[in-house]
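J.: Residues per chain, in single letters:
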Amino acid sequence: MILNQEEQAMLNGEFGEAKKWAIKHQIQVGNFFDAENLVNVSQVHMMVDPESIGEEGVLFLEKIADMGTKVVVPMITDPRGVDLNYYRPLGQTEEMANIDRRTIKACSSMGILMTNTCVNYQTIMPPIYGDHLAYGDTGVVIYSNSACGARSNFEGGPSALAAGITGRTPRYGLHLDENRLPTKRFIIKEQPKELTDWGILGAVVGKKSGSYWEVPIIEGLEVTPTSDEMKHLGAAMASYGSTPLFHLDGITPEAINIKKEDLNHLEKNKITQSDLADLKLQFGKKGDKIDVVVFAAPQLSIIEMHKVATLCDNKIFKVPIIVCTSPQVYNDAKRMGFIEKIEKSGAKVLEGTCFYNQYAREIGEANGWKKLLSNSAKIVNILGGYGYQPALANMEDCIQSALIGEII
Amino acid sequence: MKNILKCHPGIGDKVEGIVLSANDDFSARYDLDRIKGIFSRPQHKLSGESYIDKILVLNGSKGGVASAWMLYEMCARNVAPKAILFNKANTILAQGAALANLTMCDRFEDGDITSLLKTGDRVIINPILGTVKLI
Numbered sequence: 001m002i003l004n005q006e007e008q009a010m011l012n013g014e015f016g017e018a019k020k021w022a023i024k025h026q027i028q029v030g031n032f033f034d035a036e037n038l039v040n041v042s043q044v045h046m047m048v049d050p051e052s053i054g055e056e057g058v059l060f061l062e063k064i065a066d067m068g069t070k071v072v073v074p075m076i077t078d079p080r081g082v083d084l085n086y087y088r089p090l091g092q093t094e095e096m097a098n099i100d101r102r103t104i105k106a107c108s109s110m111g112i113l114m115t116n117t118c119v120n121y122q123t124i125m126p127p128i129y130g131d132h133l134a135y136g137d138t139g140v141v142i143y144s145n146s147a148c149g150a151r152s153n154f155e156g157g158p159s160a161l162a163a164g165i166t167g168r169t170p171r172y173g174l175h176l177d178e179n180r181l182p183t184k185r186f187i188i189k190e191q192p193k194e195l196t197d198w199g200i201l202g203a204v205v206g207k208k209s210g211s212y213w214e215v216p217i218i219e220g221l222e223v224t225p226t227s228d229e230m231k232h233l234g235a236a237m238a239s240y241g242s243t244p245l246f247h248l249d250g251i252t253p254e255a256i257n258i259k260k261e262d263l264n265h266l267e268k269n270k271i272t273q274s275d276l277a278d279l280k281l282q283f284g285k286k287g288d289k290i291d292v293v294v295f296a297a298p299q300l301s302i303i304e305m306h307k308v309a310t311l312c313d314n315k316i317f318k319v320p321i322i323v324c325t326s327p328q329v330y331n332d333a334k335r336m337g338f339i340e341k342i343e344k345s346g347a348k349v350l351e352g353t354c355f356y357n358q359y360a361r362e363i364g365e366a367n368g369w370k371k372l373l374s375n376s377a378k379i380v381n382i383l384g385g386y387g388y389q390p391a392l393a394n395m396e397d398c399i400q401s402a403l404i405g406e407i408i
Numbered sequence: 001m002k003n004i005l006k007c008h009p010g011i012g013d014k015v016e017g018i019v020l021s022a023n024d025d026f027s028a029r030y031d032l033d034r035i036k037g038i039f040s041r042p043q044h045k046l047s048g049e050s051y052i053d054k055i056l057v058l059n060g061s062k063g064g065v066a067s068a069w070m071l072y073e074m075c076a077r078n079v080a081p082k083a084i085l086f087n088k089a090n091t092i093l094a095q096g097a098a099l100a101n102l103t104m105c106d107r108f109e110d111g112d113i114t115s116l117l118k119t120g121d122r123v124i125i126n127p128i129l130g131t132v133k134l135i
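Protein sequence lines, in the order shown, are assigned to chains Z and A. Count the first sequence with this note's numbering and you get residues 1 to 408, in order. Count the second sequence with this note's numbering and you get residues 1 to 135, in order.
Treat the hints with care, since some could be wrong.
Unchecked claim - Derived contacts from chain Z toward chain A, CB cut-off under 10 Å, selection only:
#1 Gln8
#2 Asn12
#3 Gly13
#4 Phe15
#5 Gly16
#6 Glu62
#7 Ala65
#8 Gly68
#9 Val72
#10 Tyr86
#11 Gly156
#12 Phe317
#13 Gly346
#14 Asn357
#15 Asn381
#16 Tyr386
Unchecked claim - Sample of chain A residues lacking proximity to chain Z, with all beta carbon distances greater than 10 Å (derived):
#17 Ile11
#18 Asp53
#19 Glu73
#20 Met104
Unchecked claim - The following residues of chain Z were derived to be distant from chain A, with all beta-carbon distances above 10 Å:
#21 Glu6
#22 Asp78
#23 Glu155
#24 Ile271
#25 Arg361
#26 Ile382
No wet-lab data here; the hints were simulated from the structure. Note that the Cβ used here is the ideal one computed from N, Cα and C, for glycine as well.
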């Protein structure tokens, strides 16, 4: 890789051991993907939940922090794995909470802002068209690339940390124009009507795309998705396909510049009603018993929180409901009375976490939760590996099912 | 079949080991019980198999960014594969391999690596040269 004078000095250790580690890591990754050089980034977002990093990861973070390291661009964090105000009732242990506390201390000392959110594009500083970023969380990356026209690869925690320390990332993948053009063409007729429909569409397109290096374009949409709908579409697509970028014909910013004739060489893949129905059929059916209902993945926006609060009002549920939102939204929701309304029904709102990255296996075992119902196409894809039997339904049906303990 | 397969230069050290192969994708978060060191996702083609000290051979990588930290954590506890070979890795797995110094290669010149290597094969991977030798 070609390094400028400053980058070479980082590699020589002239700016200390942390910068030397960071740029060496970036060169190693850059060489793997044939990057020619590094590109400056305006923001970094790091996934650093305690379940993923474990004891070894937190020791690594502490080692970097103890070098007196400070990040050089605005750097924020993905959801935590423990809501420190509510973890014992979930069956989470002091050991889990302590990994989280140590992570928060190490990150804060480096100047990392503990935003604890996977919806930063809705609540913190939305990316700008053409902005080069080093974002973690697949849902954040796919939204930023697709809806905003910003440029980021999936950056795992270690690489995001390296980017925060150097202010750069290797220029490969989605930082390059040639990798942002559509490679798979999908035509739809059935129009998504609600969040879960958008998630199912994303899941089917992601599954059929099947690789980080494919860029789907979806044609035939007659409606423009809201930010929340785009959020569920992208999060599911990234989850099922490792897809980091999609285009919606006539809707998303880069799609505007794609000419029809540029797509002629691509096969037209029709997404049929049965494709969508088959996806949903894998996840539960009417009459199935449920142990817990979860609204998360991605964290809920204030609009979704309002809807959950309205649906929970004056109800008492037979099975527990867990709702995960960001600290930014949580405080708004509290001020507007939504948290009180939700929790009065027996449901619980967790702040700054997301269910699947908060030791889902352990809390499932501790509470006897196996049959989980959610409106998130993403979370039902993830939790099979954590010992759950996940089921999928829209938000209203999740709420109604929680009243009787089985899927309506 | 050739006994030396050529791939893109990779990450990590030269290693020798026994192959565990499937035409399926990989995510440390979605597919594994990382405490027991087995594939835990019922739908995965390697479900129930131990990956400890194996040369994992899989199609590609899927899912989220967690796999980067998870590879590091798995390697630090020595409950990890010895190497992973993909047809095409995503960014996360390569980043995790770089931090963990886990041997990883992809982009094979001779075709689908999940067909070229079978479970039980013994191989030597040289990531600097970008070669996998069947022995």
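J.: Identify every previously stated hint that the structure contradicts and give their numbers, smallest first.
T.: 1, 2, 3, 4, 5, 6, 7, 8, 9, 10, 12, 13, 17, 19, 20, 22, 23, 25, 26
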